[in-house]
Amino acid sequence: MTDRSLFAKNPSVLIFLACLGMFTLGVTVFSEAFGSGLISTSFVKTLGKTLCLCLIALAMDLVWGYTGILSLGHFAFFGIGGYMIGMWLMYERTRDIIVTSMAGQEIPPTESEITAAIGNQIFGVVGSSEFPAIWAFSHSLTLQLILVVAVPGLLALVFGWLAFRSRVTGVYLSILTQAMTLALALYLFQNDSGLRGNNGLSGLQNLPGLDEVPQSVVSVWFLWASAAALGLGYVFSAWVVSGKFGSVLRGIRDDEARVRFLGYSVEAYKLFIFTITAVIAGIAGALYYPQAGIINPAEIAPIASIYLAVWVAIGGRGRLYGAVIGAAFVSLVSSWFTGGQVPSIPLGFYTIDWVDWWLVLLGFSFVMVTLFAPRGIGGLFDLWTGHMAPARHGQDLGPDAGSLQEQEADQ
Amino acid sequence: MSTLLEVSGVSVSFDGFKAINNLSFQIGKAEMRAIIGPNGAGKTTFMDIVTGKTRPDEGRVIWGDKSVSLLKMSEAQIARAGVGRKFQRPTVFEDQTVFDNLLLALKKDRGPLPVLFYRRSAEDVDKVHALAEEIGLTDQLDRKSGELSHGQKQWLEIGMLLAQEPQLLLVDEPAAGMTPEEREHTTAILVEAAKTRAVVVVEHDMEFVRRLNCKVTVLHEGSVLAEGSLDHVTSNKDVIDVYLGR
Chain A
1 MTDRSLFAKN PSVLIFLACL GMFTLGVTVF SEAFGSGLIS TSFVKTLGKT LCLCLIALAM
61 DLVWGYTGIL SLGHFAFFGI GGYMIGMWLM YERTRDIIVT SMAGQEIPPT ESEITAAIGN
121 QIFGVVGSSE FPAIWAFSHS LTLQLILVVA VPGLLALVFG WLAFRSRVTG VYLSILTQAM
181 TLALALYLFQ NDSGLRGNNG LSGLQNLPGL DEVPQSVVSV WFLWASAAAL GLGYVFSAWV
241 VSGKFGSVLR GIRDDEARVR FLGYSVEAYK LFIFTITAVI AGIAGALYYP QAGIINPAEI
301 APIASIYLAV WVAIGGRGRL YGAVIGAAFV SLVSSWFTGG QVPSIPLGFY TIDWVDWWLV
361 LLGFSFVMVT LFAPRGIGGL FDLWTGHMAP ARHGQDLGPD AGSLQEQEAD Q
Chain B
412 MSTLLEVSGV SVSFDGFKAI NNLSFQIGKA EMRAIIGPNG AGKTTFMDIV TGKTRPDEGR
472 VIWGDKSVSL LKMSEAQIAR AGVGRKFQRP TVFEDQTVFD NLLLALKKDR GPLPVLFYRR
532 SAEDVDKVHA LAEEIGLTDQ LDRKSGELSH GQKQWLEIGM LLAQEPQLLL VDEPAAGMTP
592 EEREHTTAIL VEAAKTRAVV VVEHDMEFVR RLNCKVTVLH EGSVLAEGSL DHVTSNKDVI
652 DVYLGR
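From first to last, the protein sequence lines stand for chains A and B.
For the first sequence, this note's numbering assigns the number 411 to the last residue and increments by one with no breaks.
For the second sequence, this note's numbering assigns the number 657 to the last residue and increments by one with no breaks.
Rather than coming from a laboratory, the hints here were simulated on the basis of the structure.
One or more of the hints may lead you astray.
[Stated by the list, open to error] With the Cβ distance kept under 7 Å, some of the chain B side facing chain A (calculated, not the full set): (1) A490; (2) R496; (3) F504; (4) D506; (5) L515; (6) A516; (7) D520; (8) R521; (9) P523; (10) V526; (11) Y529.
[What the hints assert, rightly or not] Calculated pairs, DSS-like style, for lysine-lysine (alpha carbon to alpha carbon, straight line, at most 30 Å): (12) K555(B) to K440(B); (13) K429(B) to K464(B); (14) K440(B) to K626(B); (15) K519(B) to K477(B); (16) K555(B) to K9(A); (17) K538(B) to K9(A); (18) K626(B) to K477(B); (19) K464(B) to K483(B); (20) K477(B) to K518(B); (21) K518(B) to K9(A); (22) K464(B) to K477(B); (23) K519(B) to K9(A).
By construction, the Cβ of each residue, glycine as well, lies at the ideal position given by its N, Cα and C atoms.
For reference, chain B alone in the conformation it holds in the complex:
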């Protein structure tokens, strides 16, 4: 399987604290991966580095078939290159309707002028409706997204991610604060998405990770502690010591 994203030897420190320490990580083109680790293991910082929010002190981040470095690109350029990110706290545009949120995320020319002269085509409207169907928000399209429940906002954000048609989805704690049924639905959406693209899920909840049924990477103190199936890593002595044992 060819590699989509390769992170090698990356380190970053904040005021002397090494948040990421010589981290290496790779993921293939259609693969689901869960990242687990205790608080402060560097999970969110890892996402910040890949999406361009944080610049690493050293190391390389190589992307795609053409092996371009993501380190020289701005957040917006990285997003256009095909990296989509979902934040821990649901961040949708609460003042705007679900429809507008999804339309904003649809993969289209992002320049100011094309956007200024943009007119909705029937095709785009159909796409939005298909996405809404997928995330179960068809009835909510005309509502302001600020009125949605917490779980619905999480789905909307996942829907916006899918609308971007990214090659890599970075999802930070998608199931936080969801009811069991909502979790199941979320799992289904992510598993479906991973059939055609790479999905990286950061999660605390072991049950949720088990349901994703994928390879797991355990982070600890900014580097990879173990990698493999969930059963494999949970039986690893180091992992038990630093994470599960506590």
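With the rest of the complex left out, here is chain A:
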């Protein structure tokens, strides 16, 4: 019973990677850029964004499904990741435009003139032209990429340290995380927050210096990147939860005090998983928003994090593929319903218009899943695995000494 390799212990990881690979290949083959064009560029983007949502759902599953911390703040980390990459995208692209337009001038513009023009262009919308201090690193892709990981990580570390040290648990912790998210969103809504207030950052779909590359190609690049990130995130998550660490996490979820009396510092473990999942959420956000093209503070609003919990619950918490399935299924169905593509149902006296009624349907499904299928969509796989023969060779078939032995049962 010594350790086998990760893949031998979790055959679902290989199955998942295979499905993900086939999905990516399939979309590429049917994309406008590299194949038949059956799948439109905007739908490729939707699929790429969905992969990012699956990644943050994985993070949510680690922190909620495995450790039992119902965080209603992970979309804040997702949004921060998006803002961090968005700052560089917006700065560099505006700079490209400014430099091009100024190139025609007789006197070549100085560096400070260019910077002032960029500031004017970006912050004119909020009545300013000065670069706020938080844009100090926006000229450097490397530094902003570091911030994608560092800012959500540090915020989660500080917040988690304060919350877990005071032993805030359960619904109180959920409320606290939600308050953090709301505070952050409200702050970003202000014009003087330095991130363009409720305008947010826009034009993120245009990659600086790659103007000649059409969006159809860029969308597939991002799909690949998102798929790679999801694959890595899945393997990492499976590794974290499969060993003794996962055993401790599930112990904390089921009986926190018992884990403490075994000598494990529960607070350190919670802080560790909270921070690491915030980093994963930040990375997912940094891949999501260049595909969405725009980020604004509304994206960080607490409702987004609540949706995240709903996805994981519907998909089946406490199993990684459940979270991925839930996020993909619910967000795709959601965009189908809210996109107005579902025919309305005329009842004579009233017409059910799904754009309005989708939320009711989602809420209803959430309640139904919680009540009648707590294992979610992922639980359907148990129906299949439950029929496979247990690996109990040479032992009792049943729990008691009086049960049939294997040889007897074969007769």
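Put chain B on the given structure of chain A with help from the hints.
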């Protein structure tokens, strides 16, 4: 015999009710001790204080050769220092296998990073199998502990205690809800454990205490009423009045 744990002058009150009142107690390094007393005598609160769950209002709790105070340490630190505790209700991780439960309890580095990079060694697996043998759960190693019977869960929890290799075992009503044969087995495990470490058993059942054949401390209203052999304390007039007589 040198002292392992010394509790002196400890008091604690909850909303004005004195659960523990100027309690003093000590136990040596390889000693079995039974604590008896009526409901509300402060038996469980006493364990809560030693394991760090409850902070006393006054008094000292001194531990080990280096005479460190347990009052400034967190529950996890106290557990790592060598105090193991078994709860009244069996608390095992029902969602995980017996093997995983025991592996979780094995004395190893408890930090998040060492645990994250932990790989089972053949030595650890052997240890788990030896423990399972001791508590009679070898055939159940691959089962989820939630499927075990009540008595088996109690043993598993005792096994997890032993896996921690503590110097002091605090055991709260280990025989509750067990069949007579299971009780005998439990007695054997505890007596064996007390050969190498200190074991404190809180128990209601006199027959079980008699079988443990050890020194008995009687608690009443948060302080020690009598101490000595079971025959000695049961013939004590005060004890008869407050506990046995009723």
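Item to check | Violations among the numbered hints | outcome: 7, 12
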